[in-house]
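Listed below, chain by chain, are the residues.
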Amino acid sequence: MPLRDLSKEELYLPGSAACAGCGDGIALRIALKALGKDTIFTVPACCTSVIESSYPNTSFGIPVMNIAFAASAACASGIRAGLRRQGKETQVVVWAGDGATYDIGVASLSGAWERETDFLYICYNNQMYSNTGIQRSGATPFGAWTTTTWKGKEESEKDMIAIAMAHHLPYIATATIGYPEDLHRKVQKAKSIPGPKYIEILSPCPPGWRYDMSKTVEMSKLSIATGVWALLEVEEGNITFNGRSKAILEGKIKPKPVEDWLSGQGRFAHLFKPKRDEERIKKFEEIIDQKWQRHREGKL
Amino acid sequence: MKLIMDTANHIAGEAAKAARAEVVAAYPITPQTTVVEYIQKLISNGEFDADFICVESEHSAMAATIGASATGVRTFTATSSHGLLYMHEMLHWAALARLPIVMVNINRTIGPGWNIWADHQDSMAQRDTGWLQFHCGSNQEVFDTVIQSYKIAEAEEIQLPIMVNFDAFILSHTSMPVSIPDQPVIDKFLPKRKPVWKLDSSDPLTHGNIIPPDPYLEIRKSMQESQDKARDLIRTTAEEWKKLTGFWHGGTVEEYRAEDADLVVLAMGTLGSEAKVAVDRLRKERIKAGVFRIRSFRPFPIDEIKKLSEETKLVVVDKALSFGGEGVLYSEVKSALYGRKNEIFGWIAGLGGKDVSWQDLVQMVKAVKDGKAKPVNWQKGGKGAITGFI
Chain A
1 MPLRDLSKEE
11 LYLPGSAACA
21 GCGDGIALRI
31 ALKALGKDTI
41 FTVPACCTSV
51 IESSYPNTSF
61 GIPVMNIAFA
71 ASAACASGIR
81 AGLRRQGKET
91 QVVVWAGDGA
101 TYDIGVASLS
111 GAWERETDFL
121 YICYNNQMYS
131 NTGIQRSGAT
141 PFGAWTTTTW
151 KGKEESEKDM
161 IAIAMAHHLP
171 YIATATIGYP
181 EDLHRKVQKA
191 KSIPGPKYIE
201 ILSPCPPGWR
211 YDMSKTVEMS
221 KLSIATGVWA
231 LLEVEEGNIT
241 FNGRSKAILE
251 GKIKPKPVED
261 WLSGQGRFAH
271 LFKPKRDEER
281 IKKFEEIIDQ
291 KWQRHREGKL
Chain B
1001 MKLIMDTANH
1011 IAGEAAKAAR
1021 AEVVAAYPIT
1031 PQTTVVEYIQ
1041 KLISNGEFDA
1051 DFICVESEHS
1061 AMAATIGASA
1071 TGVRTFTATS
1081 SHGLLYMHEM
1091 LHWAALARLP
1101 IVMVNINRTI
1111 GPGWNIWADH
1121 QDSMAQRDTG
1131 WLQFHCGSNQ
1141 EVFDTVIQSY
1151 KIAEAEEIQL
1161 PIMVNFDAFI
1171 LSHTSMPVSI
1181 PDQPVIDKFL
1191 PKRKPVWKLD
1201 SSDPLTHGNI
1211 IPPDPYLEIR
1221 KSMQESQDKA
1231 RDLIRTTAEE
1241 WKKLTGFWHG
1251 GTVEEYRAED
1261 ADLVVLAMGT
1271 LGSEAKVAVD
1281 RLRKERIKAG
1291 VFRIRSFRPF
1301 PIDEIKKLSE
1311 ETKLVVVDKA
1321 LSFGGEGVLY
1331 SEVKSALYGR
1341 KNEIFGWIAG
1351 LGGKDVSWQD
1361 LVQMVKAVKD
1371 GKAKPVNWQK
1381 GGKGAITGFI
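Chains A and B supply the protein sequences, listed in that same order.
For the first sequence, counting from 1, position 227 maps to 227 in this note's numbering; every step adds exactly one.
Here this note's numbering = 1-based position in the second sequence + 1000.
The hints are all genuine.
Residues from chain B that keep clear of chain A, each with C-beta distances beyond 12 Å, as calculated:
(1) E1037
(2) H1082
(3) K1229
(4) D1370
(5) W1378
In silico DSSO-like cross-links for lysine-lysine, where the CA-CA straight-line distance does not exceed 30 Å:
(6) K1198(B) with K37(A)
(7) K88(A) with K1188(B)
(8) K88(A) with K1041(B)
(9) K1198(B) with K189(A)
(10) K221(A) with K252(A)
(11) K1198(B) with K88(A)
Reference listing, derived: stretches of chain A covered by chain B, where coverage requires no fewer than 3 residues with Cβ under 8 Å from a Cβ of chain B:
(12) 28-39
(13) 43-55
(14) 60-74
(15) 109-120
Just so you know, these hints were derived from the structure itself, not from any lab.
The structure displayed is predicted, hence computed values, not measured ones.
Ideal Cβ positions, reconstructed from N, Cα and C, are used throughout, including at glycine.
All chains should be built: construct the whole structure from the sequences, respecting the hints.
Written out as structure tokens, the structure is:
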């Protein structure tokens, strides 16, 4: 569906407390257009719990239940059960950052998936604990500076999509805010499927990634163009790539150099200044190359 | 009314069913397991119309219960010991969200070393979460208290969760006769929940977003006001239940032969029941002793305790300790009687399930009467006998 045909109804209301250039704000606006009014959000501690703005105001036109950091998926199981008792088919959606998803909340998320709770879990991934001041998370990529990896992270991020796949979910997808039609389509699709669904949205963060706030969409698109992030869907265990990622996979287009993505972000500045860190730049490129090699073999 | 013979754990399950809880989320832990098993069986057999959520931890048990309760339905869960501690964050959340959840907690001590027997360290560590906290002395009281708790928790002026406690094994796995009133009687006493707020997409609200200090302080104050209001409601609800069923276990306190007593034992749970036996023995020896079995630890029954004469000596027996401080109940009683002349003696006893028999309690009272007790004393020695004081 082209952008101009998306619902005109804004359920992400004006006047939110998001930073200028926030990727999550864009994700919320588009996803809520697909989800519609008959939706309940449960939100753990994350940027979104701030973006909501403060009591007695709200930046949401749907009900939102804030919940403790580790608890959102379990809370969703409870909300779903309560609604079922009342014969309501309202969409139950967790909207959580990567810290809540990859780290502190992964046990409750795994539990809700295993219980086959009928809900959509959306992780907006900004690759760090942005809300608490840019600390390292399980989603932070190799080499990235954070306030708990001052010289760059020494490990790669964990593969959350593979973890989701290990739970045999009926629908898993990745998206990013630079491709809103794709994001909208995937949320709509998830909405139509019963059972547990997982969508992860790469959501660039100007203060965390250290780039100018005007460049969020550009940064999102560059993540796809360089192959650092891939647009994909997993249905019944089958992985399919779409958009530019599909073209990269099929060799129809050559990905842009990974260095373009790295050098545009202040969090990787130490790889280039005061002198070029050839070893770590090469290692980052290898991580991405190996990922695409696996993708070509039909794996994650 | 039907008379059954069963353990407090099964009775707790019967009470959740009789209260028509609609969502139950729970995780197993010894000695609570038979509550969960029993409820799941009742639901599977179609005898209990509820949704059971089998969660992967107690933190999630309370999170799921919070989620369900926030949609406006009646909810139930059960836990014990480490499970209760693991829930701690969510206990605060449930209370601040003003959700009238009812949970039974089977009082069990804390490790290491692993120990599954009864003391009150688990629930005392949740003192400041905002939950009302009741302690039971018999299986009948467990049933009656769970039913009454929904009525109190869901009252418009209360809207706070309630933890119904009873002792591991001493009640949880011990069969006792319990009378279950007919369902129409229970339904009349406890109508369907009317939520004050709920998650409803036709009336969207954002619950629990960032709140500035001024309204936050007001919200905390309103919780305290609700706790204060609950003191009267606990008594009137128990009186209403007594009229309907004949069962009475006291209001915030069960007073036993305390009216003319020179010495009053204060204790909670089965220790309070045991104290009644001790008092009967002491009375035979013409020692005027009585019991205050504290049923409601939160809200704490300050006014009832203040009714005691200033000449009355108090023997407070704690099954929990605030390290570096003193017995938890002992502190509460002293605080309630601030500025009064009562002599107050405390015992730390029964930790890790160490037996505290009526004989022990008789000796504690006699030690106070004979001027041999220190302000703070520890149960000592083997075979349940007091061999000395620290």
